[in-house]
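Q: Residue strings, one per chain:
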Amino acid sequence: MIKIKQDDYAYAVGLIRAKEIKLLDGDRLNRMIEAQGAAEAFKVLAEAEYGYGNTENFHSFEQVLAEEMKKTYDLLAEISPVPEVVDAFKKKHDYFNIKVLLKAEFSGQEPPQILVDTGVFGVEQIKRIIRERDYSELTPIMMQAIADTYDAFSRMRDPQAVDLIIDKASYDQFVNDLNEFDSPFLHELARIIIDITNINMYIRARSLNKSWDFIGKLLLKGGEISEEFYFAGFDKPVEAFVDDLRRTKYGDTVKRGWELYTAKKNISGLEKLLDDFLMSYIRRSKLITMGVEPFIAYLFAKETEIRNVRIIMTGKINGLNDDLIRERLRLGYV
Amino acid sequence: MLEQIFTGQFFAYFGAAIAFLVAGLGSSKGVGLAGQTGAGVLSEDPSKFGSVMLLEALPSTQAIYGFVIAFLIIGKINDAMVLQEGLKLFAAGLPMGVVGLVSAIYQGKVSASGIQLISKHPESVGSAITLALMVEMFAILALIVSILMIG
Numbered sequence: 000m001i002k003i004k005q006d007d008y009a010y011a012v013g014l015i016r017a018k019e020i021k022l023l024d025g026d027r028l029n030r031m032i033e034a035q036g037a038a039e040a041f042k043v044l045a046e047a048e049y050g051y052g053n054t055e056n057f058h059s060f061e062q063v064l065a066e067e068m069k070k071t072y073d074l075l076a077e078i079s080p081v082p083e084v085v086d087a088f089k090k091k092h093d094y095f096n097i098k099v100l101l102k103a104e105f106s107g108q109e110p111p112q113i114l115v116d117t118g119v120f121g122v123e124q125i126k127r128i129i130r131e132r133d134y135s136e137l138t139p140i141m142m143q144a145i146a147d148t149y150d151a152f153s154r155m156r157d158p159q160a161v162d163l164i165i166d167k168a169s170y171d172q173f174v175n176d177l178n179e180f181d182s183p184f185l186h187e188l189a190r191i192i193i194d195i196t197n198i199n200m201y202i203r204a205r206s207l208n209k210s211w212d213f214i215g216k217l218l219l220k221g222g223e224i225s226e227e228f229y230f231a232g233f234d235k236p237v238e239a240f241v242d243d244l245r246r247t248k249y250g251d252t253v254k255r256g257w258e259l260y261t262a263k264k265n266i267s268g269l270e271k272l273l274d275d276f277l278m279s280y281i282r283r284s285k286l287i288t289m290g291v292e293p294f295i296a297y298l299f300a301k302e303t304e305i306r307n308v309r310i311i312m313t314g315k316i317n318g319l320n321d322d323l324i325r326e327r328l329r330l331g332y333v
Numbered sequence: 000m001l002e003q004i005f006t007g008q009f010f011a012y013f014g015a016a017i018a019f020l021v022a023g024l025g026s027s028k029g030v031g032l033a034g035q036t037g038a039g040v041l042s043e044d045p046s047k048f049g050s051v052m053l054l055e056a057l058p059s060t061q062a063i064y065g066f067v068i069a070f071l072i073i074g075k076i077n078d079a080m081v082l083q084e085g086l087k088l089f090a091a092g093l094p095m096g097v098v099g100l101v102s103a104i105y106q107g108k109v110s111a112s113g114i115q116l117i118s119k120h121p122e123s124v125g126s127a128i129t130l131a132l133m134v135e136m137f138a139i140l141a142l143i144v145s146i147l148m149i150g
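Here the protein sequences come in this chain order: A and B. One point on numbering: in numbering that gives the first Met the number 0, the residue at position 324 of the first sequence is 323, and numbering is uninterrupted. One point on numbering: in numbering that gives the first Met the number 0, the residue at position 140 of the second sequence is 139, and numbering is uninterrupted.
One thing to keep in mind: the hints can contain errors.
[Claimed, not checked] If you only want the chain B side, here are some residues facing chain A, beta carbon under 8 angstroms, derived:
| hint | residue |
| --- | --- |
| 1 | Ala38 |
| 2 | Val40 |
| 3 | Glu43 |
| 4 | Asp44 |
| 5 | Ser112 |
| 6 | Ile114 |
[To be verified] Below, a list of computed lysine-lysine pairs in the DSSO-like style, where the Cα atoms sit at most 27 angstroms apart:
| hint | chain 1 | residue 1 | chain 2 | residue 2 |
| --- | --- | --- | --- | --- |
| 7 | A | Lys69 | A | Lys98 |
| 8 | A | Lys285 | B | Lys28 |
| 9 | B | Lys119 | A | Lys70 |
[What the hints assert, rightly or not] Label-pair restraints from in silico Cβ distances:
| hint | chain 1 | residue 1 | chain 2 | residue 2 | range |
| --- | --- | --- | --- | --- | --- |
| 10 | B | Gly31 | A | Lys21 | 25 to 31 angstroms |
| 11 | A | Asp181 | B | Ala38 | 22 to 28 angstroms |
| 12 | A | Lys4 | B | Gly74 | 38 to 44 angstroms |
| 13 | B | Phe48 | A | Pro82 | 26 to 32 angstroms |
| 14 | A | Asp321 | B | Gly125 | 37 to 43 angstroms |
| 15 | A | Pro82 | B | Gly49 | 31 to 37 angstroms |
| 16 | A | Lys4 | B | Ile143 | 33 to 39 angstroms |
| 17 | A | Ala103 | B | Gly49 | 52 to 58 angstroms |
| 18 | B | Thr129 | A | Arg127 | 56 to 62 angstroms |
| 19 | A | Pro111 | B | Ser42 | 33 to 39 angstroms |
| 20 | B | Ala38 | A | Ser59 | 32 to 38 angstroms |
| 21 | B | Ala38 | A | Arg283 | 22 to 28 angstroms |
| 22 | B | Ser42 | A | Asp181 | 56 to 62 angstroms |
No lab work stands behind these hints: they were computed from the structure. Values in this document were obtained by computation on a predicted structure and should not be read as measured data. Ideal Cβ placement from N, Cα and C applies to all residues, glycine included.
Take the sequences, apply the hints, and build the full model.
A: And the structure:
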């Protein structure tokens with residue numbers, strides 16, 4: 000158990016409250032959506048001091064978003080009284096890098112330029128680790144995942160297996176790390192993330208008529224909804240499963256998501272609603288004035304904001320109409 | 000032997016020590032907490048120094064009250080003091096010391112929250128101060144009780 004003392008967060012929380020005013024609120028996101036073209040939408044980001052000031056060309060917006068993410072993680076790492084908390088969130092970026100590097104190795108190509116610099120290990124460091132197969136610095140879950148990936152690929156030659164194994168390990172690591180901290184808020188966060196990931200995967204896989212064998216392997220453990228519940232639902236149609244969920248706190252959200260899916264055959268509506276459910280949990284941190292909660296909430300706020308900005312910029316560049324962009328936006332923190 | 004150590008004077012000094020020491024600890028903790036949050040806000044927006052400082056200083060009053068009580072008790076001490084008189088002054092130091100400790104820590108928390116409030120809504124500095132002053136009332140009551148007990 001890693002102790003988390005509320006009062007240690009006094010400085011961090013003060014700084015974060017002052018930073019929160021600069022988050023892009025509904026008004027500013029609206030200005031981006033209603034802007035005439037991508038270039039004008041991009042100006043809002045320049046005003047908000049996004050990235051490292053390289054905001055002249057909207058075609059480089061992905062780079063600006065990556066810089067903004069890096070800035071956020073650097074800030075949090077600097078002010079965090081318990082460095083492990085930030086590391087727990089950074090590791091998912093390491094898993095992403097590991098995935099990209101392993102896939103490149105299996106296909107015999109150079110790794111593409113999409114490695115991210117927000118992991119616990121730097122880009123060059125993780126490249127070296129994978130190239131030299133020197134895993135001593137990695138966590139046990141990472142090592143196991145890499146070994147499993149080599150094993151699965153040598154048997155099946157299927158690059159999709161890499162995605163499945165590494166993504167699952169990434170969640171296992173995250174949940175494992177969060178449960179290490181002495182904080183009910185982080186434990187509940189872990190449970191909610193497991194549940195919404197499982198529900199989303201389950202409904203997606205069911206609508207693709209996947210077997211239980213496939214689904215059972217992907218289910219994450221440690222959520223409020225047990226594996227038996229999913230298994231019991233497997234014999235019934237998906238409607239019945241959605242109906243069974245009504246006794247849980249996810250009931251309404253999943254029901255609305257399922258209605259969207261049956262009406263429009265579009266599963267991303269459910270995904271958005273589940274993300275919004277998570278954000279409404281995070282939003283409760285607004286009422287907490289001291290402790291790890293506002294600290295983590297800022298990270299989620301920033302991640303969601305960057306995601307929304309990406310949705311808007313891609314929409315603008317591809318000339319989507321305003322309502323379609325608005326429909327896809329995630330619930331923000333402010 | 001023991002009668003020579005535990006005299007009326009000893010207990011009276013002990014009461015004075017508790018009044019200042021314990022209340023002072025509370026103020027240190029309260030001001031410290033509010034100060035850290037204040038530094039966090041100022042690192043992002045240095046223009047708020049005025050209101051941040053005002054809020055940060057509020058939990059320091061408990062130490063001042065503790066000082067007043069300690070001063071009054073010490074003023075009552077004389078060489079011919081009997082044990083009962085000393086114990087009475089010892090008891091008089093307790094309300095200010097204990098209530099001072101607790102109220103200063105909680106006032107520090109309210110001040111830290113108030114500093115977060117003004118970082119977003121600078122116009123709410125009045126409300127932030129009022130909220131923190133609510134806690135002050137208990138320290139003031141403790142001060143009055145201690146003064147009445149000293150007599």
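Q: Against each hint, give a clear statement of whether it holds in the structure.
A: So, going through the hints one by one against the coordinates:
Contact between alanine 38 of chain B and chain A, as hinted, is supported at the beta carbon level, the nearest pair being about 6 angstroms apart and thus within 8 angstroms. Look at valine 40 of chain B: its Cβ gets to within about 4 angstroms of chain A, closer than 8 angstroms, so that hint holds up. Taken as an interface hint, glutamate 43 of chain B checks out: its beta carbon lies about 4 angstroms from the nearest beta carbon of chain A, inside 8 angstroms. At a threshold of 8 angstroms, the smallest CB-CB gap from aspartate 44 of chain B to chain A is about 5 angstroms, leaving the interface hint in force.
Taking 8 angstroms as the C-beta cut-off, the interface hint given for serine 112 of chain B holds, the closest approach to chain A being about 4 angstroms. The beta carbon of isoleucine 114 of chain B is positioned within 8 angstroms of a beta carbon in chain A (closest approach about 6 angstroms), and the interface hint is therefore held. Proposed proximity of lysine 69 of chain A and lysine 98 of chain A is supported: the alpha carbons are some 20 angstroms apart, at most 27 angstroms. Our distance criterion of 27 angstroms between C-alpha atoms is met by lysine 285 of chain A and lysine 28 of chain B, whose separation comes to about 24 angstroms.
In summary, the hint linking lysine 119 of chain B to lysine 70 of chain A is supported, as the alpha carbons are separated by about 21 angstroms, within the 27 angstroms threshold. The given range of 25 to 31 angstroms is respected by glycine 31 of chain B and lysine 21 of chain A, whose C-beta atoms sit roughly 27 angstroms from each other. With their beta carbons about 26 angstroms apart, aspartate 181 of chain A and alanine 38 of chain B fall inside the hinted range of 22 to 28 angstroms. The beta-carbon spacing between lysine 4 of chain A and glycine 74 of chain B, approximately 41 angstroms, falls within the hinted interval of 38 to 44 angstroms.
For the pair phenylalanine 48 of chain B and proline 82 of chain A, the supplied restraint of 26 to 32 angstroms holds, since their beta-carbon distance comes to about 29 angstroms. Here the CB-CB span from aspartate 321 of chain A to glycine 125 of chain B is close to 41 angstroms, well matched to the stated 37 to 43 angstroms. Between proline 82 of chain A and glycine 49 of chain B the Cβ separation comes to about 34 angstroms, which falls inside the hinted range of 31 to 37 angstroms. The given range of 33 to 39 angstroms is respected by lysine 4 of chain A and isoleucine 143 of chain B, whose C-beta atoms sit roughly 35 angstroms from each other.
Checked against the hint of 52 to 58 angstroms, the pair alanine 103 of chain A and glycine 49 of chain B passes, with Cβ atoms roughly 56 angstroms apart. For the pair threonine 129 of chain B and arginine 127 of chain A, the beta carbons lie near 59 angstroms from each other, so the given range of 56 to 62 angstroms is met. The hinted range of 33 to 39 angstroms is satisfied by proline 111 of chain A and serine 42 of chain B, whose Cβ atoms lie roughly 38 angstroms apart. Taken as a hint, the range 32 to 38 angstroms holds for the pair alanine 38 of chain B and serine 59 of chain A, whose Cβ atoms sit roughly 35 angstroms apart.
Hint check: alanine 38 of chain B to arginine 283 of chain A, Cβ distance near 26 angstroms, so the stated range 22 to 28 angstroms holds. In this structure, serine 42 of chain B and aspartate 181 of chain A break the distance hint of 56 to 62 angstroms, their C-beta atoms being roughly 28 angstroms apart.
Hint check: a violation occurs at hint 22 only; the rest are consistent with the structure.
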